[in-house]
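Engineer: Protein chains in written order, with numbering that gives the first Met the number 0: chain A, 0 to 217; chain B, 0 to 794.
Simulated from the structure, these hints should not be mistaken for laboratory data.
Glycine included, C-beta positions come from ideal geometry on N, C-alpha and C.
Don't take every hint at face value.
Per the computed footprint, the stretches of chain A lying under chain B, defined by three or more beta-carbons under 8 Å from a beta-carbon of chain B, are [said to hold, decoys possible]: (1) 6-14; (2) 30-38.
Estimated spans, in silico, between C-beta atoms of each pair [to be verified]: (3) B:Q89 x A:K138: 26 to 32 Å; (4) B:G608 x A:P164: 26 to 32 Å; (5) B:G115 x A:P164: 25 to 31 Å; (6) B:E537 x A:S45: 38 to 44 Å; (7) A:K115 x B:L768: 42 to 48 Å; (8) A:S108 x B:L768: 45 to 51 Å; (9) A:N35 x B:D151: 55 to 61 Å; (10) A:Y41 x B:A643: 43 to 49 Å.
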Amino acid sequence: MKKGLFFISLILLGAIFFWYQKGNKDDWQTFVKKENQLIKTYPTTSREKKEARIDKGAAKSSAQNSHTQAQSTKRAPASLKKGPPASKTPQNQRITIALPDQTVIKDASPLNKPHKEWKKRLGNEILRFMRPETKVYLKKLESLTVYEKGRPLHVEKVHVKLTTPEGRLFSYNALVDSETGKVVETWNQTNHEPMGGQTKKIRPSGALINDKEESIRF
Amino acid sequence: MRKDSKLTLLTFLGLLLVGLSSCVPSENNGGGGRSSSRGGTANNTFSVSPNNGRYLTDNPVVLSGDDTLDSSVDLSRFLSPTQTFITENQFLIAPCGAGGASLSQCFEVRKNETSGFITATENRWAFPTTTDEFLQVQTFGNMRDIMDKFHDNLEFSYNLARGYGYPSALPSQLFTSDDNAYWFKNGVLKGYADCGVENNAFYDPAGNIVCMGAIVGNDQVVISPPLKVASDPQVTWHEMGHAFNKVNVNIRQRSFEQSILQETDLGYLFYDEAGSINEGLADFYSFFMNKKTIFAEWALGRYLRQARPISESEDIHAPGFSETASGRLSYPQFVTYDPNEPDVPFEDVHYSGQIASHFFHAFYKSLMDTNICGLSSDNALKMTMHLVFETLAEVGDQTATGYGNLSSTYNVNLNPTNAIEWISKARPITYRRFFQVYSKYFLQTLGNPLYSFCNGREYYRDDYEKLLDSYGLLLFKTYNENGNGTAFGHTGTNTTVTPTNRVKSQLIPKDLLILDQRENAPSAFVIDSQSDVKNAIESLLLGGRIASISSEIDSNFAYNNGNAKVSPGEVVGLAINLFNNSNSTMGGVRVLANDWDHTKAGAPCNNLGDNFPLDSEGAAQLSSGEGAPGGCDWTTRFNGKEPAETGEELAPVCLVELNDDDSTKWVTQDKLRVQMGLPKKRCLGGENETTDCFIRAIKGADHAFYSKLDPQKTWAETLITDEGVPTFNTSNVIFMEVSPSIPPGTTFNCRLRASFTNCEDCHHDATKLNDDYLDYEFSGARPFKLINFRFTVID
Numbered sequence: 000m001k002k003g004l005f006f007i008s009l010i011l012l013g014a015i016f017f018w019y020q021k022g023n024k025d026d027w028q029t030f031v032k033k034e035n036q037l038i039k040t041y042p043t044t045s046r047e048k049k050e051a052r053i054d055k056g057a058a059k060s061s062a063q064n065s066h067t068q069a070q071s072t073k074r075a076p077a078s079l080k081k082g083p084p085a086s087k088t089p090q091n092q093r094i095t096i097a098l099p100d101q102t103v104i105k106d107a108s109p110l111n112k113p114h115k116e117w118k119k120r121l122g123n124e125i126l127r128f129m130r131p132e133t134k135v136y137l138k139k140l141e142s143l144t145v146y147e148k149g150r151p152l153h154v155e156k157v158h159v160k161l162t163t164p165e166g167r168l169f170s171y172n173a174l175v176d177s178e179t180g181k182v183v184e185t186w187n188q189t190n191h192e193p194m195g196g197q198t199k200k201i202r203p204s205g206a207l208i209n210d211k212e213e214s215i216r217f
Numbered sequence: 000m001r002k003d004s005k006l007t008l009l010t011f012l013g014l015l016l017v018g019l020s021s022c023v024p025s026e027n028n029g030g031g032g033r034s035s036s037r038g039g040t041a042n043n044t045f046s047v048s049p050n051n052g053r054y055l056t057d058n059p060v061v062l063s064g065d066d067t068l069d070s071s072v073d074l075s076r077f078l079s080p081t082q083t084f085i086t087e088n089q090f091l092i093a094p095c096g097a098g099g100a101s102l103s104q105c106f107e108v109r110k111n112e113t114s115g116f117i118t119a120t121e122n123r124w125a126f127p128t129t130t131d132e133f134l135q136v137q138t139f140g141n142m143r144d145i146m147d148k149f150h151d152n153l154e155f156s157y158n159l160a161r162g163y164g165y166p167s168a169l170p171s172q173l174f175t176s177d178d179n180a181y182w183f184k185n186g187v188l189k190g191y192a193d194c195g196v197e198n199n200a201f202y203d204p205a206g207n208i209v210c211m212g213a214i215v216g217n218d219q220v221v222i223s224p225p226l227k228v229a230s231d232p233q234v235t236w237h238e239m240g241h242a243f244n245k246v247n248v249n250i251r252q253r254s255f256e257q258s259i260l261q262e263t264d265l266g267y268l269f270y271d272e273a274g275s276i277n278e279g280l281a282d283f284y285s286f287f288m289n290k291k292t293i294f295a296e297w298a299l300g301r302y303l304r305q306a307r308p309i310s311e312s313e314d315i316h317a318p319g320f321s322e323t324a325s326g327r328l329s330y331p332q333f334v335t336y337d338p339n340e341p342d343v344p345f346e347d348v349h350y351s352g353q354i355a356s357h358f359f360h361a362f363y364k365s366l367m368d369t370n371i372c373g374l375s376s377d378n379a380l381k382m383t384m385h386l387v388f389e390t391l392a393e394v395g396d397q398t399a400t401g402y403g404n405l406s407s408t409y410n411v412n413l414n415p416t417n418a419i420e421w422i423s424k425a426r427p428i429t430y431r432r433f434f435q436v437y438s439k440y441f442l443q444t445l446g447n448p449l450y451s452f453c454n455g456r457e458y459y460r461d462d463y464e465k466l467l468d469s470y471g472l473l474l475f476k477t478y479n480e481n482g483n484g485t486a487f488g489h490t491g492t493n494t495t496v497t498p499t500n501r502v503k504s505q506l507i508p509k510d511l512l513i514l515d516q517r518e519n520a521p522s523a524f525v526i527d528s529q530s531d532v533k534n535a536i537e538s539l540l541l542g543g544r545i546a547s548i549s550s551e552i553d554s555n556f557a558y559n560n561g562n563a564k565v566s567p568g569e570v571v572g573l574a575i576n577l578f579n580n581s582n583s584t585m586g587g588v589r590v591l592a593n594d595w596d597h598t599k600a601g602a603p604c605n606n607l608g609d610n611f612p613l614d615s616e617g618a619a620q621l622s623s624g625e626g627a628p629g630g631c632d633w634t635t636r637f638n639g640k641e642p643a644e645t646g647e648e649l650a651p652v653c654l655v656e657l658n659d660d661d662s663t664k665w666v667t668q669d670k671l672r673v674q675m676g677l678p679k680k681r682c683l684g685g686e687n688e689t690t691d692c693f694i695r696a697i698k699g700a701d702h703a704f705y706s707k708l709d710p711q712k713t714w715a716e717t718l719i720t721d722e723g724v725p726t727f728n729t730s731n732v733i734f735m736e737v738s739p740s741i742p743p744g745t746t747f748n749c750r751l752r753a754s755f756t757n758c759e760d761c762h763h764d765a766t767k768l769n770d771d772y773l774d775y776e777f778s779g780a781r782p783f784k785l786i787n788f789r790f791t792v793i794d
């Protein structure tokens, strides 16, 4: 009896663990910088999602308004879009985007090769210059192949959130090299309306004097 | 029963009866609120009909006329007894629609990101004003009201453009695109009524969130209880304004369902003019709703003294402003003006944005003036916004067509591949660019004599130019109807601005922007102390402003020694010390340190106007085909990104002085690497990027922006009010990585490009009847003033 209960508990724990891991597979991942440049990473916890203001997505399945219309079915003429819309593509598939004016060199070898540790590399890259206890939360949105001078470049589109040790929060989107984890582009930075305080300024150490090797120090 | 027990029981029963009676709606109420003993509306559940509720339609100061209200004020005093439809939904989720299209879920409101949805009580949305629920209904109502009005206006603009048939930037697929061009492509806009941030509210485009915090005070004042920002609808409308601007600048690529790698933003640095226009428009969206010419005197003004005016007539302005040609809040003089502290210049997009908000208000008023146009208030507002929608659609366009249908004829932003670089850096959205496009659409609509918008006639161009000039914004010489494309950018005829209308707007030749040449004047301020660089880089990384930093740079900036010189291994910030050598104020001064087309065959061209370098110093030997690809007077047509355009790669700004056997030459950095025998992998960008092996500007921090330079002054002299050391924002500084492998004593010359908004010859090509420069020319030298910034790397 006891043995049976023990095994049932183990199975149950295993199932919970499996479900938790599965649920977090493409969910948020936390990177936190500790002392001595050590960076820890793990699936973002519920508490951290609260701190980072990551929307848990309140249940809306029962909230559909039966009185409103579905989206209009009017269709536009055929568009010049390259590649299938992201929303119709299985999550793990890489979407190729060639902009209308870009030359694509046929059979060109890619500029990089996706690495399974790209997210970890990205987290390390962002935190490299940050203070201990700074946290980065990353969520992959899409895997893309874009073109640079005609050659394919594999990138990941991500949502980046950061919290400072003081609890300040930042958010933006980024394109990241799928191999090195280095940030290629950023956009969608938050528009703050800071009230009641001045922004921190940068003070120079000194100045270079015209064309001379001299400088003055402040 | 004892006597006292009976008394207790009777008292209890009496109280119970009184309490129960308050739950029964009054027969005389008709669904209205019951007045409290202090005159407020109680807003109880059964004081409204099903699906209804109440919320403040403006802030308490506006509704009461009392600007001394305390944060603990009973908001029920300002609720109208009249109830309003909220939603039939179970939760606070709103649909939206325009032009025959609709979405069942456009936005939702909760308290914050971790809380669930509130539900109606007995299908009613009336809650006491002290509750979280009320604040959420408040936010929902305010968001819904402005969203509906925005979509009404967008539909009006769409129909107007289709009806009149001029080349509009609003595509015909606006309401039929699968990408929901009239709203957000992915996901619902989330409104958080009380998200817990202090002294802040924000719009987060990455998460598609409008977050309303609370004002708690600062060093000077502590506000208790905190003032909930959502209790000021004007701030909610302002944040929604940011969301609408986001929709508008992406409208063309979404309408045409063009795949893009990143969305267009309106503003890219801590301070730039695109961000200023974004803020000015967001303030104007408050006026759009309530026709009040002061913004947020409750949330920002009551305790923090940071309310902002939208008209020169507002009392909050310093003396001297008026709604007259001479009294306007004009550009660039007032870009750093804070009405609450007029003597302290403050470089911030919220203050610079006031110039935009004031112009929009003045233009709106002029449309109602019977001597000018005579429109109704409603139509005047619609037309003001119509021109905004057209302008944002064009300037943010990543299809690069600008207006009309999708095609391979590019008229704006160079081409789809380079559109973001043009919008953010090469040819950004400045006051000049925005209002030139705004004016073009004015000319095609209100100013078109064929359409007679203004009661039988057009809005005369002279009247418009004079109004624009009174704001210092008549900064263009033509309306540039032919765009900036390579193929057609100099074809046809552009409408020319009447020169005599340009009285206040000052255009200054670019040669008057120079490095400070005065004796012992700095050529640049240097930020190289470990702590300052750490703070700055952290700020840039947190804000997502910069990409990556080289692995050659120590993670602790250990090489940063604070000696105010450029040393190997450092990340160094440089605030180039430019001087305005003219008698007028320069606005929107920009310095670029990104790669550009200034070398050919691996050597620097010396015919770009800066007399550098000499032929004997290694200048490029021109190919035999002058005026053809590969020559020094050919600028790449594709920003160096087209494989077929060989010999037209861009080059980093910094060249290095190399001592040859018998001479000194200026060469590209890779030549130094080869001479040193340094392995490619030791370059800052790794083995695949050797052109900027030793010194390179960090992407994202490779351009600097300065609000203004007063006459005969530098930026530091313009902004500081005492004799102290100038301090900088991150947007004023170019950050460079300096390889640890540089031999001390190596001299670099960084060939920076500078421009400013009210520049005579940075935007207009005098050889083409003052038509605007074509987009591709912004890869080269012609639109810019070249600044050769030289320094020696010292150990």
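Engineer: Against this structure, judge whether each hint is valid.
Structural biologist: How the hints compare with the structure:
1. 6-14: violated (count 0)
2. 30-38: violated (count 1)
3. B:Q89 x A:K138: 26 to 32 Å: holds, 29 Å
4. B:G608 x A:P164: 26 to 32 Å: Taking Cβ atoms as reference, G608 of chain B and P164 of chain A lie about 49 Å apart, which means the hint is violated.
5. B:G115 x A:P164: 25 to 31 Å: holds, 30 Å
6. B:E537 x A:S45: 38 to 44 Å: violated, 27 Å
7. A:K115 x B:L768: 42 to 48 Å: violated, 58 Å
8. A:S108 x B:L768: 45 to 51 Å: holds, 48 Å
9. A:N35 x B:D151: 55 to 61 Å: holds, 59 Å
10. A:Y41 x B:A643: 43 to 49 Å: holds, 48 Å
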